[in-house]
Amino acid sequence: MALFDAWKKLKDGLSKTRDSLFGKVAQLVNSKSSIDADFLEKLEEILISADVGAGTTQTIIESIKKRVKQEGYESSGELTHLLKDELARVLQATGDAAPGALLLPEGPRPFVVMVVGVNGAGKTTTIGKLAYNYREAGYSVVVGAADTFRAAANEQLEIWAKRAGVEIIQQAHGADPGAVAFDAVSSAMAKKAEVVIIDTAGRLHTKTNLMEELKKIRRVLEKRLPGAPHEVLLVLDASTGQNALQQVKHFTEAVQVTGLVLTKLDGTAKGGIVLAISHDMQTPVKFVGVGEQIDDLQVFDRAAFVDALFEGTEIAT
Amino acid sequence: MFESLSQKLEAVFKKLRGEGKVTEANITETLREVRRVLLDADVNYKVAKDFIEKVQARAVGQEVLNSITPGQLIIKIIYDEMVKLLGESKAEIRTSNTPPTVILVAGLQGSGKTTFSAKLANFLKKKGSNPLLVAADVYRPAAIDQLMMLGKQLGIPVYVDREAGAVKIATDSIDFARKNIRDTVIIDTAGRLHVDEAMMQEVAAIKEKTSPHEILFVVDAMTGQDAVNTAKAFHDRLNFDGVVLTKLDGDSRGGAALSIRAVVQTPIKFIGVGEKLDALEPFHPDRIASRILGMGDIVTLVEKAQEQFDQVKAVKLEEKLRKSQFTLEDFLEQLHEVKKMGPLSQVLSMIPGANRIPNDVQVDDRALVRIEAMIQSMTKEERARPSMINGSRRRRIAVGSGTSVQEINRLLKQFEEMQKMMRRFSKGNMKKAMRGMRFPTG
Ligand SMILES: Nc1nc2c(ncn2[C@@H]2O[C@H](COP(=O)(O)OP(=O)(O)OP(=O)(O)O)[C@@H](O)[C@H]2O)c(=O)[nH]1
Ligand SMILES: Nc1nc2c(ncn2[C@@H]2O[C@H](COP(=O)(O)OP(=O)(O)OP(=O)(O)O)[C@@H](O)[C@H]2O)c(=O)[nH]1
Ligand SMILES: [Mg+2]
Ligand SMILES: [Mg+2]
Chain A
1 MALFDAWKKL KDGLSKTRDS LFGKVAQLVN SKSSIDADFL EKLEEILISA DVGAGTTQTI
61 IESIKKRVKQ EGYESSGELT HLLKDELARV LQATGDAAPG ALLLPEGPRP FVVMVVGVNG
121 AGKTTTIGKL AYNYREAGYS VVVGAADTFR AAANEQLEIW AKRAGVEIIQ QAHGADPGAV
181 AFDAVSSAMA KKAEVVIIDT AGRLHTKTNL MEELKKIRRV LEKRLPGAPH EVLLVLDAST
241 GQNALQQVKH FTEAVQVTGL VLTKLDGTAK GGIVLAISHD MQTPVKFVGV GEQIDDLQVF
301 DRAAFVDALF EGTEIAT
Chain B
1001 MFESLSQKLE AVFKKLRGEG KVTEANITET LREVRRVLLD ADVNYKVAKD FIEKVQARAV
1061 GQEVLNSITP GQLIIKIIYD EMVKLLGESK AEIRTSNTPP TVILVAGLQG SGKTTFSAKL
1121 ANFLKKKGSN PLLVAADVYR PAAIDQLMML GKQLGIPVYV DREAGAVKIA TDSIDFARKN
1181 IRDTVIIDTA GRLHVDEAMM QEVAAIKEKT SPHEILFVVD AMTGQDAVNT AKAFHDRLNF
1241 DGVVLTKLDG DSRGGAALSI RAVVQTPIKF IGVGEKLDAL EPFHPDRIAS RILGMGDIVT
1301 LVEKAQEQFD QVKAVKLEEK LRKSQFTLED FLEQLHEVKK MGPLSQVLSM IPGANRIPND
1361 VQVDDRALVR IEAMIQSMTK EERARPSMIN GSRRRRIAVG SGTSVQEINR LLKQFEEMQK
1421 MMRRFSKGNM KKAMRGMRFP TG
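Protein chains in written order, with this note's numbering: chain A, 1 to 317; chain B, 1001 to 1442.
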């Protein structure tokens, strides 16, 4: 089963993250029996170096300091527990994706997913993976190639559609992306397809005209099928720094983002930005990209995510 | 965000204002804020730390004679250090004496390599070269088609071989270039993670087989803390000659530039500022430094202020003040200099002795204009010897300047107090004397 394999890969991917990030925590924890300024400074370094952001890191550290003062955590085991707890608490703000979120929620069909994000984040690849996973789960899927701007965006999505075994709706390069989105939903409705996934061109959130274009695509979807889009996924590259906060803010303002996809977590980027986003905004992380293969997508599960981060380290569980 | 950072630093400066020397104590708070600014701009944690330490070492003990406040002196030092670290502006590509010149483009997935390859080809073509683009990404779906389309848009040939592997494509493309009289070969490679050993070996093999004259590492400007790891790993493997920073047309602060420069000693050569094929610019370290600090305006103002109030002038002024030869004429001259620098609100904090203005007194540009008008309506003698300005002269000046006698009275009274106070202080206490002074508020 694709999802199961992907889960294993996620763990492999995360173990790299873990080795570097939480391996360090483990060392730190085991070499200290109590919390001192030195520990907190090291913890700060670990979190900031993971792109958690100075503000969120400060919040986490303050909470830990406060709790240590109140609850008197002293042993490394206790400290580990406290750390995990704090990280989970920050992540909690995202709200947990239900296990097996690729099962579509009850409701009218087709279920329309719009995928947005800055340039090169991994939208088209994620759509290929998503389409594959939905199809594997037994749904009929249509993808809409509404990136009519970037060179060979059509061709790229076409290859992914073929790999995933799903239908693609496209128009010529330079066509109106709204029209493609319209066609894709219409086609899905005619064929009684259950899922439509709309690819959009990468755009920086600062470009007003391009953000307007995105809003228009959303409006077209709403008009073609009341209630659509049912999901608006913002794709974030895990190596992105603090700018991701601006991305979430502006894309949400424009097209009401409902969830995030964190890609390229198979590198050494820690993905700590998820903590910062959870801290500052209420957007849940829904999927994680852990490679360039079609099965390299995983449903984001907060508890599993935190567990996977700690798994195999010297930190007691 | 931009505003609040400037404001934050301003608040710190305010406390420092009037202190004559940069000390450990007065620098700490400023540097703490600056550290936060750097981290928010995605400068790597360790890089930021080292950088701050370097600035501190340079700043402590510096006299703040001619510069404005210790805080602003520190900012100036930070800015200068940052520009220095970022290196020079050098949008040059090494060329080969025996064509073709081979340029290898590498980097992480989605960083902008293919787009940059096309932009560079376009840039070189405009300079008279005959470039050849090489599609050596055999992995990403439609990567070859993407480069072909870009080449077509530019009227630049693209070397394609859909049967071969990346190393062979790259190698063969050089023969092709020779035979077809293309003087520059730009090899676009697949995006790869630095931890992907097989892929890193592939790009190393391409390097070995093609002996590039120039290897460029392409990085997304939005990259966070991990930039140091990837840049270092790619550099260890490829020993690249230059860095290309893409997607700077957004609002990312670009701290990755500083991080990368701190770990690899290669210049940043180009920046990408859009998706269009002409959106390529040479790298300007000063602009990125301002961007990272999020306060280009402050830096400019500090510099302006320094120009205006050079050391000589400051010393002269101090001399005059001490001998209480400071006349209304000098005062007027000061006002002119202040006005040259822009809106009062921005400038006020930068003038030496601006601390004479109590925080609760609102001084706006209009008040300045009125004071100026009053002084301008005085004769030369009156300006040099305000004591001679009697009642009738006051009425004349008021009419001439469109102000009131009361305002003239206030100006003269405050000016007299200023002089009196100055007399009380010796040279060493100058700053204190200035702090006690009241700025006539019209
Ligand atoms: N290692 C790794 N690479 C990924 C992942 N997701 C996407 N990529 C790669 O990232 C690059 C960009 O992916 P795309 O899917 O084209 O990104 P996009 O957001 O559609 O890009 P634009 O449409 O140009 O804005 C490709 O080389 C993908 O193979 C991931 O999870 N891990
Ligand atoms: N706004 C903006 N977008 C850019 C810039 N440079 C590249 N892009 C966009 O970023 C996305 C990725 O660019 P590519 O050139 O395909 O990136 P790549 O590194 O070749 O990607 P892979 O081959 O998949 O690793 C595309 O949507 C480009 O249009 C830039 O300077 N500004
Ligand atoms: Mg795409
Ligand atoms: Mg490419």
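It is possible that some hints are incorrect.
Claimed, not checked - Derived SDA-like pairs: lysine to any residue, alpha-carbon spacing no greater than 20 Å straight-line:
#1 B:Lys1076 x B:Glu1092
#2 B:Lys1276 x A:Ala175
#3 B:Lys1049 x A:Glu41
#4 A:Lys249 x B:Asp1040
#5 A:Lys162 x B:Val1138
#6 A:Lys207 x B:Gly1274
#7 A:Lys42 x B:Arg1036
#8 A:Lys162 x B:Ala1279
#9 B:Lys1049 x A:Lys162
#10 B:Lys1276 x A:Thr252
#11 B:Lys1380 x B:Ser1392
#12 A:Lys42 x B:Lys1126
#13 B:Lys1126 x B:Ala1279
#14 B:Lys1276 x A:Thr208
#15 B:Lys1152 x A:Gly174
#16 B:Lys1049 x A:Lys207
What the hints assert, rightly or not - Which chain B residues face chain A? A few, computed with CB under 10 Å, are given here:
#17 Thr1028
#18 Arg1035
#19 Gly1155
#20 Asp1172
#21 Phe1176
#22 Asn1180
#23 Ile1181
#24 Asp1251
Keep in mind that the hints were calculated from the coordinates and are not lab data. We put the beta carbon where it would ideally sit given N, CA and C, even for glycine.
Problem set entry | Interface hint compliance - Thr1028 of chain B to chain A, C-beta minimum distance less than 10 Å | Thr1028 of chain B check fails; min Cβ-Cβ to chain A is 16 Å, beyond 10 Å.
For this session: Verify the interface restraint on Arg1035 of chain B: the C-beta must sit less than 10 Å from at least one C-beta of chain A.
Result: 8 Å, holds
Exercise. Do the alpha carbons of Lys1276 of chain B and Thr208 of chain A lie within 20 Å of each other, as the hint requires?
Worked result: Holds, at roughly 16 Å.
Problem set entry | Restraint satisfaction for Asp1251 of chain B [CB to CB of chain A, less than 10 Å] | 5 Å, holds
Problem set entry | Restraint check for Lys1049 of chain B with Glu41 of chain A, where alpha carbons must lie at most 20 Å apart | At roughly 12 Å apart (the allowed maximum being 20 Å), Glu41 of chain A and Lys1049 of chain B satisfy the hint.
Problem set entry | Straight-line alpha-carbon gap Lys207 of chain A to Gly1274 of chain B, limit 20 Å | Holds, at about 10 Å.
Problem set entry | Restraint check, 10 Å cut-off on beta carbons, for Phe1176 of chain B near chain A | 22 Å, violated
Exercise. Within a Cα-Cα threshold of 20 Å, do Lys1049 of chain B and Lys162 of chain A meet the stated pairing?
Worked result: 50 Å, violated
Exercise. Can the hint on Asn1180 of chain B be confirmed by a CB-to-CB distance to chain A that is less than 10 Å?
Worked result: Violated - the Cβ of Asn1180 of chain B stays beyond 10 Å from chain A, reaching only about 23 Å at its closest.
For this session: Answer holds if the nearest beta-carbon of chain A is closer than 10 Å to that of Ile1181 of chain B; otherwise answer violated.
Result: 26 Å, violated
Problem set entry | Gly1155 of chain B as an interface hint toward chain A, with CB separation required under 10 Å | Violated. Min distance 15 Å.
Exercise. Lys1152 of chain B and Gly174 of chain A: Cα distance at most 20 Å?
Worked result: Judged against 20 Å, a Cα distance of about 15 Å means the pair holds.
Consistency note: the structure conflicts with the earlier hints numbered 1, 8, 9, 10, 12, 16, 17, 19, 20, 21, 22 and 23.
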